[in-house]
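With the sequences and hints as input, model every part of the structure.
There are 2 protein chains.
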Amino acid sequence: MNVVNVDLGENSYPIYIGNNLFVDKQLIHTLLNGSQVMIVTNTTVKPLYLDQLLDQLNEFKVTSIALQDGEQYKTLASVNQIFDELLNQRFSRNATLIALGGGVVGDMTGFAAACYLRGINFIQIPTTLLAQVDSSVGGKTGVNHPLGKNMIGAFYQPQGVFADTSVLHTLPERELMAGVAEVIKYGLIYDIEFLAWLENHVDQILKLEDSALSYAIQRSCEIKAAIVSADEKESGLRAILNLGHTFGHAIEAGCGYGQYLHGEAVAIGMCLALELSHRLQRINLDDVVRGITLIERTGLPSTLPPELTADDFLRLMAVDKKNVDGNIRVIVLNQLGQAALPETVNSGLLRQTINEYGDMRS
Amino acid sequence: MNVVNVDLGENSYPIYIGNNLFVDKQLIHTLLNGSQVMIVTNTTVKPLYLDQLLDQLNEFKVTSIALQDGEQYKTLASVNQIFDELLNQRFSRNATLIALGGGVVGDMTGFAAACYLRGINFIQIPTTLLAQVDSSVGGKTGVNHPLGKNMIGAFYQPQGVFADTSVLHTLPERELMAGVAEVIKYGLIYDIEFLAWLENHVDQILKLEDSALSYAIQRSCEIKAAIVSADEKESGLRAILNLGHTFGHAIEAGCGYGQYLHGEAVAIGMCLALELSHRLQRINLDDVVRGITLIERTGLPSTLPPELTADDFLRLMAVDKKNVDGNIRVIVLNQLGQAALPETVNSGLLRQTINEYGDMRS
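Protein chains in written order, with the working numbering: chain G, 1 to 362; chain D, 1 to 362.
Where hints are given, some of them may not hold.
Which copy is meant is left open, so a pair is good if it fits within one copy or across any two.
Mimicking BS3-like on lysine-lysine, the simulated pairs with C-alpha atoms at most 27 Å apart in a straight line are [as the list claims (entries may be wrong)]:
#: 1; residue 1: Lys61; residue 2: Lys46
#: 2; residue 1: Lys233; residue 2: Lys46
#: 3; residue 1: Lys25; residue 2: Lys46
#: 4; residue 1: Lys149; residue 2: Lys61
#: 5; residue 1: Lys46; residue 2: Lys149
Bear in mind the hints are in silico, worked out from the structure with no lab data behind them.
See below:
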């Protein structure tokens with residue numbers, strides 16, 4: 001087992017990474033300090049793992065709730081179901097919530113923990129690679145609103161995270177690849193050595209070989225933890241985690257949520273960000289090819305959705321939270337393994353980059 | 001104008017206390033750092049003060065919303081109305097919410113500010129004495145749930161508070177007295193000199209004489225700020241703010257919310273807490289009489305509701321958040337001007353105290 005400590009002063013917590021972790025009764029018990037536990041999961045994960053988790057908790061007063069699976073259920077109404085159950089069970093301030101599921105379950109459970117009695121403990125057991133390397137670090141919790149994604153929420157840290165590689169064996173391959181997109185992102189923005197390691201180990205990761213998978217998760221969490229520790233409330237450096245995301249959000253919204261997985265849209269977005277970085281004379285063409293090649297080796301998409309024009313992109317990117325005074329800001333690389341802070345990019349150059357990249361790869 | 005600085009590290013903020021403050025354009029502007037402002041008020045306060053406040057903000061993009069007035073509207077649904085309006089106006093992270101109203105408006109506005117985009121700025125302009133001396137310090141925000149009061153919320157601090165004595169002239173007298181109950185509480189739990197000052201100035205306060213009112217608010221905020229600074233997240237000392245509240249909550253719940261104002265129920269609860277402190281041999285009978293006399297001089301009630309038996313009290317007090325392992329814990333005084341931390345009190349003594357106090361004063 002490996003441990004990454006997320007260093008946030010009095011909000012610090014450990015991420016345990018390894019095989020068959022969440023059936024390690026002793027380990028889970030170290031993070032529980034009251035007698036009341038509520039497990040929040042979804043209808044897909046419940047039949048796979050709930051019973052195994054319950055087996056570890058037979059000395060506690062445990063209740064569980066299975067929410068509907070899917071981003072469209074990431075709402076205040078779902079979080080209210082959690083509150084209803086907590087209050088029906090008369091759970092008190094020293095109760096603990098356990099999130100057993102992907103990012104949606106984690107975000108809602110964390111938000112419920114942040115708000116119930118103004119804050120109770122919670123533990124994350126992410127069951128997707130994306131949630132293990134992304135939402136398990138950073139304390140972003142919350143729900144969507146009909147007028148925007150992740151608009152309502154809180155920064156709130158868990159007591160600990162179990163990134164259990166064994167649960168990834170039941171993950172659909174397409175979702176595994178979507179998680180790998182975020183892993184590659186960490187190499188691109190922060191660590192060229194990790195990028196090189198990924199080039200040598202991407203096949204083992206996709207085959208779910210335990211040691212490669214564990215290291216990929218560990219290094220991803222370390223990098224995200226380093227960035228988040230320096231900027232817990234997202235006022236500066238943390239924005240570099242958005243490499244590829246401004247383009248990616250435009251793809252998700254423009255094609256309708258659900259056609260592309262988040263990680264797939266980000267993969268395409270990172271290809272565009274590499275191309276843009278080159279056109280800004282920050283990286284050379286070999287670097288662009290190197291990044292895109294790695295993305296393609298994982299099976300992730302690298303070509304633009306044919307239904308989106310450059311104007312569609314610009315229109316959709318205009319609503320991004322990073323923008324200032326209506327100017328589109330994106331993350332580019334200063335060099336491979338080092339991202340720049342968000343910067344305004346001339347819309348003519350953006351349009352040209354999208355058009356020419358689209359023409360090159362279609 | 002007086003200023004009380006609430007010292008909470010990077011979450012510190014000023015409380016401005018004085019006459020006609022919120023028409024001091026310059027002062028309000030010092031607390032606003034973006035161009036977008038949303039005022040949250042209720043249907044009672046809106047016709048009294050909204051236009052005056054809008055006049056101070058004509059250089060900003062301002063929107064306002066008037067929620068239904070009353071504790072029964074302190075719900076997630078009302079907070080969602082605030083979110084809807086913020087998103088309809090496309091308000092961004094540097095927007096500011098202004099709470100213009102009593103404790104209910106302040107609690108909901110603060111909670112909306114805590115959650116919108118995971119946290120934006122807010123300012124409080126409390127329009128009741130109770131909100132000025134109680135909810136303006138401490139950062140407790142939130143809403144009720146059908147299964148319990150204040151069950152959903154956050155600890156979240158404002159950028160500043162305007163405790164404007166001029167707005168108290170439109171406050172119903174009964175609500176003014178209910179606020180005075182909390183002012184007396186600060187003397188009882190923390191400051192015998194302030195208690196003596198109140199004995200000399202209670203008539204001026206009730207006549208709304210400005211200098212007495214300002215000092216009463218200032219000293220109350222200072223005491224609460226000192227307690228909260230020592231214990232922001234309510235793990236210890238802060239519990240002494242609950243003097244009279246455990247009994248008071250039982251009265252509010254047992255008689256049906258609305259029959260007694262919160263401050264009235266707390267006033268009766270403080271009388272019981274004084275009596276109990278005496279029976280625990282912490283204070284002498286003169287101290288009990290002194291406290292009860294001050295409470296009665298303000299016009300606040302000191303006699304128990306005839307419809308509640310001692311058993312009713314014990315049953316209702318059994319659900320208090322301070323209890324541990326089912327044992328009722330209350331706040332008593334070690335001496336006049338100094339409260340003790342919560343302690344378990346034998347239910348026989350509690351029953352006897354309630355019965356005999358009831359017999360004495362009926």
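Going through the hints against the structure:
1. Lys61 - Lys46: within (18 Å within a copy, 47 Å between copies)
2. Lys233 - Lys46: Neither. Shortest intra-copy (33 Å) and inter-copy (34 Å) distances fail the 27 Å Cα cut-off.
3. Lys25 - Lys46: So Lys25 and Lys46 pass the 27 Å test inside one copy only (19 Å; across, 56 Å).
4. Lys149 - Lys61: between (34 Å within a copy, 24 Å between copies)
5. Lys46 - Lys149: So Lys46 and Lys149 pass the 27 Å test inside one copy only (25 Å; across, 32 Å).
Hint 2 from the list above is the single one not met by this structure.
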